[in-house]
Amino acid sequence: MIRVAAVGDVHVGADSVGRVRPHLEQVAGEADLLLLAGDLTRVGEPEEAAVLVEELRGADVPVVAVLGNHDYHAGQEQVVAGMLEDGGVRVLEGEGVVVETRSGPVGVAGAKGFGGGFAGACGSDFGEPLMKAFVRHTRAVADGLEKALAGLAADVRIALLHYAPTETTLQGERLEIYPFLGSYLLGEAVDRAGASVVLHGHAHAGTEKGFTPGGIPVRNVAQPVLRRPYNVYCFTAGGETGCDGASRA
Amino acid sequence: MSEVEQASPEPDSYVCERVRRALAADPRVGELGITVRVVGRRAFVSGSVATPERRQAISTVVTEVLPAYEVQNDVAVTPLEPGSEIEMLG
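Sequence order for the protein chains is A and B. Numbered according to my numbering, the first sequence spans residues 2 to 250. Numbered according to my numbering, the second sequence spans residues 25 to 114.
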């Protein structure tokens, strides 16, 4: 069995020193891999990334991440991603990686994603150049995600996003801001390529469990939703069945 | 000479958005998800943040933006329950 820990929206800042690491020191006993679903920092300053890298040293498992909109705010996203990579975190944007965990391979396709809204109430590639650019950006990100997912040679294939691929995990958020929380194009990409699960963050007032229109499980792992350091998702490997207990709350 | 029309007081909705913009832009806070409500000369803020320092910074920023208002800070620090939930997915 392969166990994947996931959390997003940890929003690490200079005031987070010593607050994340104690939780992560337990992850190696509970999971084979840790996935971070964006908004890793408060506003994307390199000083915040440095704190995050130190805090992540407590996690003795491979770590794969995507960035979120907060990580872009200071305009230093490349620096932030580079610091995380130097610290041993694989940062994905429109690409995939197969991680050889101690329990077996796990394919992860990652992208920040973007907004646009959901079927029946979404932006269109029409009108002003800025509006077209907005929608085309989301489409390009979704295309990259689909290609990355399709290229993963692993039985367990995970789509890791920051923005939501479905409105089913946004229940609790104000309906008016759904177009800023995600896009159906991301869900469509996942349904075309196939995946074991989609993990995302961004929607702090949303709900954890949902699904794409094609029926693929979606989990909103934003920490304000989980209210836990992370949750663990289990996948069978090599015909195994069962999960190590139900909940260790 | 015609009398210059006196500007109306700033509507509460604009006041609230002014505060929300400040909370997002101010480097001491950098939060998008804070709810702001204004009633008379009282400002109410709610939501959740990761640290007690950020919660306190919200009070500071709102007071700076609205010095004449009484600020009620109902923002919570995201509580983390111990342990993780485990789910079988496939």
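Hints are computed from structural coordinates only; laboratory data are not their basis. No residue lacks a Cβ here, since even glycine has one placed at the ideal position from N, Cα and C. Be a bit skeptical, because a hint or two may be false.
[To be verified] Each pair of labels, with its calculated beta carbon distance range:
| hint | chain 1 | residue 1 | chain 2 | residue 2 | range |
| --- | --- | --- | --- | --- | --- |
| 1 | A | A120 | B | P106 | 21 to 31 Å |
| 2 | B | S83 | A | E55 | 27 to 37 Å |
| 3 | A | G19 | B | Y38 | 47 to 57 Å |
[Stated by the list, open to error] A few chain A positions that, by computed beta-carbon distances, are all more than 12 Å from chain B:
| hint | residue |
| --- | --- |
| 4 | D10 |
| 5 | E46 |
| 6 | M84 |
| 7 | T102 |
| 8 | L131 |
| 9 | A134 |
| 10 | T169 |
| 11 | E174 |
| 12 | V198 |
| 13 | E209 |
Exclusion check [M84 of chain A not at the chain B interface, CB over 12 Å]: Holds: least Cβ distance 18 Å, greater than 12 Å.
Separation of T102 of chain A from chain B, once the least beta-carbon distance is taken, above 12 Å: Check passes; 15 Å lies beyond 12 Å.
Interface exclusion of D10 of chain A relative to chain B, criterion Cβ beyond 12 Å: violated, 9 Å
No chain B beta carbon within 12 Å of V198 of chain A's: Violated, since 5 Å does not exceed 12 Å.
Least C-beta distance between L131 of chain A and chain B, which was stated to exceed 12 Å: holds, 20 Å
Interface-negative label, E46 of chain A against chain B, beta-carbon threshold 12 Å: With a cut-off of 12 Å, E46 of chain A comes too close to chain B, as the shortest Cβ separation is near 8 Å.
T169 of chain A and chain B, when compared Cβ to Cβ, separated by more than 12 Å: Non-interface label stands for T169 of chain A: nearest chain B Cβ at 16 Å, farther than 12 Å.
Outcome for the supplied range 27 to 37 Å, where the beta carbon pair is S83 of chain B and E55 of chain A: holds, 28 Å
Status of the stated non-contact between E209 of chain A and chain B (beta carbon gap over 12 Å): Not fine: 9 Å to the nearest Cβ puts E209 of chain A too close to chain B.
Least C-beta distance between A134 of chain A and chain B, which was stated to exceed 12 Å: For A134 of chain A, whose nearest Cβ neighbour in chain B is about 22 Å away, the distance exceeds 12 Å, so it holds.
Status of the given 47 to 57 Å range, CB of Y38 of chain B versus CB of G19 of chain A: About 40 Å separates the Cβ atoms of G19 of chain A and Y38 of chain B, which means 47 to 57 Å is violated.
Outcome of range test on Cβ distance (A120 of chain A, P106 of chain B; 21 to 31 Å): Violated, since A120 of chain A and P106 of chain B (Cβ atoms, about 39 Å apart) do not stay within the stated range.
Going down the numbered hints, you'll see the structure goes against 1, 3, 4, 5, 11, 12 and 13, while the others check out.
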